[in-house]
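J.: Next come the chains, spelled out residue by residue.
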Amino acid sequence: METAKKRILTGNKAMAEAIALEMERDPKVFVLGEDIGNYGGIFGSTQGLMEKFGKERVLDTPISETAFIGAAIGAAAEGMRPVVELMFVDFFGVCMDQIYNHMAKIQYMSGGNVKLPMVLMTAVGGGYNDAAQHSQTLYATFGHMPGLKVVAPSNPYDLKGMMISAIQDDNPVVFMFHKSLQGLGWMEQLDVSAAHVPEESYTVPLNKAKVMREGTDVTIVGIQMTVHQAMEAAERLAADGIDAEVIDLRSIAPIDKETIIDSVKKTHRLFIVDEDYKSYGMTAEIAAIAAEEAFYDLEAPIRRLANPDVPIPYSRPLEQFVLPNADKIYEQVKNLMNE
Amino acid sequence: MTTFEEKQPAVSVEKLKWMYEMMAKSRYFEDQMVEVYTEGKAPVFNIGAGPVPGEMHLSTGQEPAAVGICVHLTKDDTVTAPHRPHHHAIAKGVDLKKMTAEMFGKETGLGKGKGGHMHLFDPAVKFSCGGIVAAGIPHAVGAAMAAKMQGKDWVAVAFIGEGAANAGAFHESLNLAAVWNLPLILVIEDNSYGISVAKKAATAVETNDLRAAAYGIAGAHVKGNDPIAMYKVSEEAVARARNGQGPTIIEIETYRFLGHFQGDPELYRDKAEVPGLREQDPILKLRNSLVEAKGATEKELQKIEKRVKQEVDEAYQFARDSNYPAPEAALDDVFSS
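Going down the list, the sequences are from chains A and B. Last residue of the first sequence? That's 339 in the UniProt record's numbering, and every number before it is there in order. Last residue of the second sequence? That's 337 in the UniProt record's numbering, and every number before it is there in order.
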């Protein structure tokens, strides 16, 4: 049986393995960020790297995001391949000039003469009562800015393969990992946060969505946590005789329109679910794409579920109210099927 | 009168001549730009009109800051500059034709017309600049880090205006460069104004080199917009950086003869100020001292001036003769493939 060969890794170990493989392959790859050395990253994404590669290539930084993300940009312009961690995506505010005005624009403003082969990895997501400054996903905030590739893998296999692709890519990549999918011992243990990961190096493309479950009645597009919620909802919908197709978007930018449109042309119904804010967000973008490119294939209005444009509250019932979950997806897709 | 050699025994005449040539080139380039920039902008000034549109920040008067340190650099050393970058670019050896074409928005420009005068990138000589105050400092820190990681003795120089010393990136970057002992030199050009706000109204310390103490690094101050004093201070700073002895802050008192940008009504300073500054023109002073000290003959200096004029005139002609990019080229270069 295949199961005997399975090699189960948590999300964070899959990421750390990817970075280690790239550091072994290419001496220009190095890692920097807050608590990424001895600690191994607050979310474990750099576990074991300092022991393996030393302090010269795994650099704990001061709490100076502008300086160390800016330094990663400067080093990338010199041909190095930095992997730099912004601990929580919510901290973007203190360093957004470097990300928005420099990391995203230097390649363009230089007419392609300067390349920035760097990865900015950052933890996203809520659901564990960390409140408004430590729980956002901000997918759209980063996806909005031209010049950044923005990816958000949902499982250990993709975390490894997409991290390897991100490091090998000559463009700046924002690599968002979801805290709940890291397999951390100090968070709720989710089955989906650990899975089989091959030992060898492999790549997963940075611009392709993935059909997680094929179906014929309705397309559900999600990303990271909402993919898993959509899968759970799809099983319950199946019991009701509704055959949902679930798409893991995986990449915010560039967005894989083709996979979404192909699915909508097959199912004729579209439901989009996102943990990020609703207005001007990923759900709005996908709805617009479907309206522009598959309008006449739709048999019902597009429906979407996302944070209802409020900061993420602390208290459990409040937070659960604003975040998507499988129950909400199940109910709302049921309603969509009756439209 | 004291001879030049007696006053400045350590500086070779060849290097002084190089500095004179770079300052003259920068000045002549900008004198032309003052004229070109007004084309199409009269009788009513419209910043978006003419062959060189957009904001234009000229460095006329500030040339000593650039040449006094770039004379110690090679093409392997990195320079990052702010929004007022022409003197730095010229002293670092940026391709003048491509740089001028970029300012004209032409396809032959350094950035194929996508950057303009505030966003010049010439990786061949490791030069870049940008329009966000203080943001180039961390990029220089990164270049210094890359040099150190690769075991090279390359250094990185970040130029900023004195106003940028009050931005957060200044503090974060210097602390990081100091804690990692990086080969970084931060050159602060104190031209007395952050746009309109006088230094004394904005900065709590008298001179910004004093801030070096906060990071446990070396600091130096250059008075009087003096290129030779800048040369000497920079020589030590670059040597320290190359020898693994860490970063230095240099602040130089310099003068901005023109407005913050072309079109600036300059209501914030006395009308008599600029003519007074022009009397202290550092290029004329260096020229006179070279002649007086017999470091260069009048004929040699005229030859330099002729060469500079020819090179700059050719760059402007190249820019004018070049084509605009195809409009749809706006869609290229967001990502490299």
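Any given hint could turn out to be false.
Beyond 10 Å from chain A on every Cβ pair, some chain B residues (computed) [what the hints assert, rightly or not]:
(1) K17
(2) G50
(3) L110
(4) K114
(5) G115
(6) E172
(7) N175
(8) S192
(9) E206
(10) A213
(11) R269
(12) D332
Sample of chain B residues at the chain A side, in silico, Cβ under 8 Å [unchecked claim]:
(13) A140
(14) G142
(15) G151
(16) V179
(17) L210
(18) L277
It should be emphasised that the hints constitute simulated quantities derived from the structure, not laboratory data. Built from N, CA and C at the ideal position, the CB exists for glycine as well.
J.: So, for every hint listed, does it hold in this structure?
T.: Hint check:
1. The claim that K17 of chain B is not at the interface with chain A holds, since no C-beta of that chain comes within 10 Å of its own (minimum 31 Å).
2. The claim that G50 of chain B is not at the interface with chain A holds, since no C-beta of that chain comes within 10 Å of its own (minimum 21 Å).
3. Not every CB of chain A lies more than 10 Å from the CB of L110 of chain B, the least distance being 7 Å, so the non-interface label is violated.
4. Under the 10 Å C-beta cut-off, the non-interface status given to K114 of chain B relative to chain A is violated; the minimum distance is some 5 Å.
5. The Cβ of G115 of chain B sits about 4 Å from the closest Cβ of chain A, inside the 10 Å cut-off, so the non-interface label is violated.
6. The beta carbon of E172 of chain B sits about 4 Å from the closest Cβ of chain A, which is not more than 10 Å, so the claim that it is off the interface is violated.
7. A beta-carbon of chain A comes within 10 Å of the beta-carbon of N175 of chain B; the shortest separation is about 6 Å.
8. Remark: the non-interface label on S192 of chain B is consistent with the geometry, its nearest Cβ contact in chain A lying 25 Å away (cut-off 10 Å).
9. With a least beta-carbon separation of about 25 Å from chain A, E206 of chain B lies farther than 10 Å from that chain, consistent with its non-interface assignment.
10. For A213 of chain B, the shortest C-beta to C-beta distance to chain A comes to about 18 Å, beyond the 10 Å cut-off, and the non-interface label holds.
11. Chain A leaves R269 of chain B outside its interface by the beta-carbon criterion, the shortest separation being 29 Å against a cut-off of 10 Å.
12. A cut-off of 10 Å between C-beta atoms contradicts the statement that D332 of chain B is not in contact with chain A; the least separation is 7 Å.
13. A cut of 8 Å between beta carbons decides the hint on A140 of chain B: the least distance to chain A is about 6 Å, and the hint holds.
14. Because the smallest distance between the Cβ of G142 of chain B and any Cβ of chain A comes to about 2 Å, under 8 Å, the interface hint for this residue holds.
15. For G151 of chain B, the interface hint is violated, the least distance from its beta-carbon to any beta-carbon of chain A being 10 Å, above 8 Å.
16. With its C-beta approaching chain A no nearer than about 7 Å, V179 of chain B sits inside the 8 Å limit, and its interface hint holds.
17. Nearest Cβ of chain A to the Cβ of L210 of chain B: about 21 Å, over the 8 Å cut. The hint is violated.
18. Look at L277 of chain B: its Cβ only gets to about 32 Å from chain A, farther than 8 Å, so that hint breaks.
When held up to the earlier numbered hints, the structure conflicts with 3, 4, 5, 6, 7, 12, 15, 17 and 18 and fits the remainder.
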